[in-house]
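Novice: Sequence:
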Amino acid sequence: MRHLPPTKACPRGTFQARLLTPDGRQTARTFQTERDAVAWLGEQRSMISKGTWTTATAQVTTSFGDYAERWLATRTVRGRPLADRTRAGYRDLLDRFILPEFAATPLHTITREDVTRWHGRRLPQDRPTYRAKAYGLLRTILAGAVEDGHLTVNPARIRGAGQSRRRHAIRPATVEELAALAEAMPPRYRLMVALAAFCALRYGELTELRRGDVDVKAGVLRISRAVVLAEGRFVVKTPKTEAGERDVAIPPHLMPMVRAHLLEHTAPGSDGLLFPARNDAAGHLRQSSFAKVYYPAREKAGRPDLRFHDLRHTGATLAAQSGATLRELMSRLGHSSSQAALNYQHAAGGRDAAIARALSELTGWSEDTGELTGEA
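For the working numbering, count along the sequence shown from 1 and bump the result up by 425.
None of these hints come from the bench; they were simulated from the model. Incorrect hints may appear among the rest.
[Claimed, not checked] Here are the computed lysine-lysine pairs in the DSS-like style, where the Cα-Cα straight-line distance is at most 30 Å:
hint : residue 1 : residue 2
1    : Lys558    : Lys662
2    : Lys725    : Lys558
3    : Lys662    : Lys717
4    : Lys662    : Lys642
Using the sequences and the accompanying hints, generate a full structural model.
Specialist: If you want it as structure tokens, here you go:
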């Protein structure tokens with residue numbers, strides 16, 4: 426056994442125990458105290474002398490970097506592999522913020538103090554959402570290490586570090602602002618803005634819509650796919666949940682615009698994209714390209730704060746204001762959980778006064794005298 430010098434791979438104050446095993450290999454483990462290292466060596470030598478030693482009992486040291494790579498390669502959610510965009514996001518967080526600190530560190534030696542020090546030093550202070558995501562990923566990987574027996578407790582225990590306050594307060598657009606926004610857009614993208622708002626669709630759902638997904642007779646959009654840009658390439662995928670695959674009714678006032686768009690701007694054939702790239706009828710529209718026309722349009726509409734995804738929020742709020750039930754909102758938005766739909770119902774809470782007035786009209790009671798007028 427020897428005391429390790431302070432290096433990046435072996436933090437100051439740790440001890441490494443080395444063992445020549447019966448199969449002729451040398452294995453090692455790193456410990457926080459010399460006492461633990463001596464105890465481990467004693468256990469291993471006792472098992473060797475009794476003939477009960479196996480390679481599994483040696484518990485060969487695993488670095489955080491090796492474990493994180495295996496975790497990322499095998500991670501599943503509800504039995505399904507990670508989506509390409511999610512995996513790419515995790516890869517970015519690992520490479521930029523987590524592995525530079527922990528890659529070579531023996532997994533079982535990572536302490537709460539190590540995580541706290543990393544959280545205060547490595548993560549961007551000015552990007553709270555990104556900071557929370559990086560910490561959340563580290564915590565999840567270490568939770569897996571606990572389940573796999575590499576750690577006894579999860580050292581990522583910073584209260585509130587996995588949460589961030591939303592800086593962008595969403596203010597839904599008014600119907601007048603939506604009209605101004607659509608008018609300011611180039612003709613080929615006006616329907617895209619209208620469907621995002623009044624059908625509450627995501628950008629990836631819109632840019633994967635094809636001619637065959639539009640039922641003009643029934644006035645319905647069939648949502649069964651979405652496209653994402655992951656690691657520089659477009660990936661068409663199915664919705665994460667069954668609820669994401671849905672039929673969305675198009676408000677009747679948009680149908681003339683839909684028919685005109687199909688004639689003038691949609692790529693030919695049933696597989697033709699409704700909103701293809703400007704210079705490639707078979708290519709998907711990049712969000713960065715769309716932003717070049719969307720940003721000036723929202724300025725002209727007087728809503729420079731309105732992100733494209735806020736149009737979906739607007740559509741959900743309008744649906745709630747129209748009287749949609751919780752279940753109807755979930756169906757229209759493609760949500761499998763009621764929580765997000767509840768948020769939109771809360772956003773429509775301003776209708777409560779209108780509901781109260783309607784109740785008064787229903788009863789026939791006079792608003793001035795409080796007496797029954799008999800006019801109900």
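Novice: All hints, please: hold or fail.
Specialist: Now for the hints, and whether the structure bears them out:
{"no.": "1", "hint": "Lys558 <-> Lys662", "in the structure": "holds (23 Å)"}
{"no.": "2", "hint": "Lys725 <-> Lys558", "in the structure": "violated (34 Å)"}
{"no.": "3", "hint": "Lys662 <-> Lys717", "in the structure": "holds (26 Å)"}
{"no.": "4", "hint": "Lys662 <-> Lys642", "in the structure": "holds (27 Å)"}
The structure fails hint 2 only (numbered hints given earlier).
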